[in-house]
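Q: For reference, the chains in residue letters:
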Amino acid sequence: MDKDFASEFINKLVSNAVEYGFDEAEACFMTNASMEINILNAEVSSYENSTVQGVGFRGKKNGQMGGSFTTEFDDSAIDFMLSTAMENCEVLDDEDEEFIYCDPENSHLESIQLSGNYNKNTYEKFSEVGLKLEKDILNLSPLIKAVDYLSVSCGTGPSVSVNSKGLYTYKDSDFISIFAEARAEKDGVVKTGGHYWFGKDIDAFDEKPFLETLRKKVLGKFGGSSVESGEYKVIFDSEAFVSLLQTFMGAFSSYSMQKGLSLLAGKEGEVIASDIFTLREEPMYEKALIKFPFDSEGVLTKSKALIDNGVFVKALYNLKTANKAGTKSTGNGFKGAYSSPVGISATNLVVTPGEKDFDALCEWVQDGIYLTELNGLHAGVNKISGDFSLFCEGYLIKDGKIARPVEQITVSDNFYDVLKKIIATGSDTISVPEGKGEYFCPSVVVSKMNISGDTGEEGEE
Amino acid sequence: MISETSASRIIEAAMSGNADFAEIFEEQKKSSSVGLLNGRTIRASSGIDYGVGIRLMAGTNVVYVYSCDKSEEALIKLAKEAASALKGGKSSDIKNIEALSKSSPSVLNIDPLSVSKKTNIEFLKEASDYALSYDELITQVAASYATSNRIIHILNSEGFNKEESQTRIRFSIETVATKGNEKQTGRIAPGTMRGYEYVNEYPVIDKTRECCETAIRMINAGYAPSGKMPVVIGNGFGGVIFHEACGHALESTAVGIKASCFTDKLGQQIASSVVSARDNARIEGEWGSYYTDDTGRESSDLLLIENGICKNYLVDDLGARRMGCKPTGCGRRQDFTYAPTSRMSNTYICNGTDNPADIIADTEYGLYCTKMGGGSVDTATGEFNFASEEAFMIRNGKIAEPVRGATLIGKGQEILMNIDRVGNDLELAAGMCGSVSGGVPVTVGQPTIRVSSILVGGREA
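Sequence lines, in order, name chains A and B.
All residue numbers for the first sequence refer to the working numbering, where the first residue is 158 and numbers rise by one.
All residue numbers for the second sequence refer to the working numbering, where the first residue is 7 and numbers rise by one.
These are computed hints drawn from the structure, not numbers from a lab.
C-beta: ideal position from N, C-alpha, C; glycine also.
Honestly, I wouldn't trust all of these hints.
[As the list claims (entries may be wrong)] The list that follows gives simulated cross-link-like pairs (lysine to aspartate or glutamate, EDC-like), each with its CA atoms no further than 16 Å apart: (1) B/Lys264 x A/Glu247; (2) B/Lys264 x A/Glu342; (3) A/Lys416 x B/Glu188; (4) B/Lys93 x A/Glu281; (5) A/Lys540 x B/Glu180; (6) B/Lys76 x A/Glu342; (7) B/Lys124 x A/Asp305.
[Unchecked claim] Negatives, chain B to chain A, calculated, CB over 12 Å: (8) Lys101; (9) Glu104; (10) Met224; (11) Ala412.
[Said to hold, decoys possible] Computed list of chain A residues with no C-beta within reach of chain B, every gap over 12 Å: (12) Ser202; (13) Arg215; (14) Tyr258; (15) Lys416.
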């Protein structure tokens, strides 16, 4: 379905909604077109090429907002969406009001971030890149036995939204991503590791640094052993720190705070982290692949600090939570799919870097653990209290240098304590795609953390 | 539904190139859900999703395309595009489409979609009100209910013409206990393929009380110790460890490309001799069941491990081509946007002979995990980690103080060999399993078991 048909359909839906008896209404049409190839054993083992389109509707009646969705686009679909959304309004008794919004000065919002390179994303091109990459990964070392997973994919898709207050939004963007996971074996010990690349132009993919990082991520794990349980100074690799931060980002949402699910509630303006730590949300960050000029409610986004030199500045709000708190939306009201309600999400996040590069950080730390992977973040954490106990991998730092890999260890601590124990950030910022956008994060040093290892003895207390 | 004549034309278009197999997967899903927070209904949604996936194979190469557009013209165009992207293979005969055969593992006295949202809300409200008045430490109760009817229709070049209707209900009640800055949760989330009579018969007050007790017990608990120790894992959801650490590694997705730690182990001992395990998709009314898989094949009751010996792998049609064996009817996918892969259904460790009380009594010192949370595993190395949601210390053969924050860490192969006691109290529990073909409903299960030694990651050294 093209953009004009989509606009016409959702306009009809919204105008019928008002006739149907809704006080206010909004409809959005989302498309997701994607292509992916997978490489296995020097062949394109699978190819996917698809389009999914759906419409999400929300209508307000007597202060309650009911929702419905469908992938059908005919008159019976309109009837279905209106009648079920009305039924949903009738059973809701939410104390907090949700809003249909339009800022008269910004009633027509467009964000078109198409690269112009999308037509290069052909089956032939992706196959060529993928097959070469698989071959070159296998050539890295005789220890590498297989590339168990290799995908080259791209996605694009316009989304258009209209409401009964006169808002019109349109956005479209595209991206390409490459992911590979290699398996190596040495003396019967198996190790795996993966790496990714993402961008907007397949010709900009530089295989050399990709291979070098993947090589380190897989082959660097051999020869590891555990460490004695105890407290260690820790350098978090950027990706590992981002995975931890992302796990607890929900605590920065005003929704979590208002529902008593965030320990940051009521702490705006207070010190919650070490004074060297600054975390900013930059929706329009220059280096970001995708920029977010406005949110799904039609509110303009803005650059802001979440944590400024240790001080928790402000939570993330959408229109509903802002109204409850007596403040303004921060432009963080996003919906994930046509079928989802408006939630709260951060866009692009930036951890302010320090001055030391990675080697200088190791030298400065002298003895400790360099953590590269935290596993089981969806299970081994208490998202409310901040407690976590996670299986992790990394390296032992001895006399200011990486000494050997470590494995079969767990790191146990509390997220809020970790924020306070940050003593340095590196100058080695990388971009890590996570959540809605990207994190721009360097290595992060924490003064001490509880590491439990396997000393080989049956534990008594 | 796509007519047989349309399907023939689409399959013909799909087989016009190199494909030796073509399949149409048509899916319609109606869903309805409500969510309560502290007794107030804050979310109500309804929807219909429809889509078609077309899968082509040539040897072990796969092309998968999908769309929401059900017109014959659009699907023929899609099938032709898919055919032109498929490499290798040689064309094959197309068999005549058989007469439609229908199946359903759901047992419905009362169709859940015929029950009003008001009734669903009353059920959840009873639980919420009870929990909120249970104890002043319980500060929050979240409750949700969701039901769906999924009709899948599979037609392929081998003449298959199968339809299956799957109606499912899942609800959850989560209680939060607060003490100062600390919060702990208790949770139940049963799922079924029975009708609304399941909800009517559910002992909701007793189960909500258990949730409250868990949350309060955990908020008052100290941290678990760390180190290697014997661990007794309670029945029901404790089976998640077997699911993650063993089940995934027996899927042809991993075994078929030799990326599993259990590759080439048929007939060999992979677990201690007290362990037998099954994957049974044919339990009527059970949450993880299906009679016809998402590739149109009849599902099975598969013996995975018998007295420690590996008996069968979970093999889908692509896996069968890779491994040169027969598929076991385990091809599953979240929805039409995913190509199918080998997946589990109702997977459990079979009953043993021990009385659970004796297992505890015979354990001098160790950890007793009564409620497990989620976890993750690397199927190549077998490394896994799991969080416990409720645990107790075992001292001198008796259940002692509750402890929180325990993570179990290890390798699947080692844990299976270290199971030394298996109880006679098998229970199944509903869950969602995420993998390459998306999230599918599964049950996990086991009787009470003891593992002679697991590394426990806790916060107390």
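Q: Hints first: check each against the structure and report whether it holds.
A: For each hint, the structure was consulted:
no.: 1; hint: B/Lys264 x A/Glu247; result: violated, 55 Å
no.: 2; hint: B/Lys264 x A/Glu342; result: holds, 12 Å
no.: 3; hint: A/Lys416 x B/Glu188; result: holds, 15 Å
no.: 4; hint: B/Lys93 x A/Glu281; result: holds, 11 Å
no.: 5; hint: A/Lys540 x B/Glu180; result: holds, 14 Å
no.: 6; hint: B/Lys76 x A/Glu342; result: violated, 47 Å
no.: 7; hint: B/Lys124 x A/Asp305; result: violated, 49 Å
no.: 8; hint: Lys101; result: holds, 24 Å
no.: 9; hint: Glu104; result: holds, 27 Å
no.: 10; hint: Met224; result: violated, 9 Å
no.: 11; hint: Ala412; result: violated, 7 Å
no.: 12; hint: Ser202; result: violated, 6 Å
no.: 13; hint: Arg215; result: violated, 9 Å
no.: 14; hint: Tyr258; result: holds, 19 Å
no.: 15; hint: Lys416; result: violated, 6 Å
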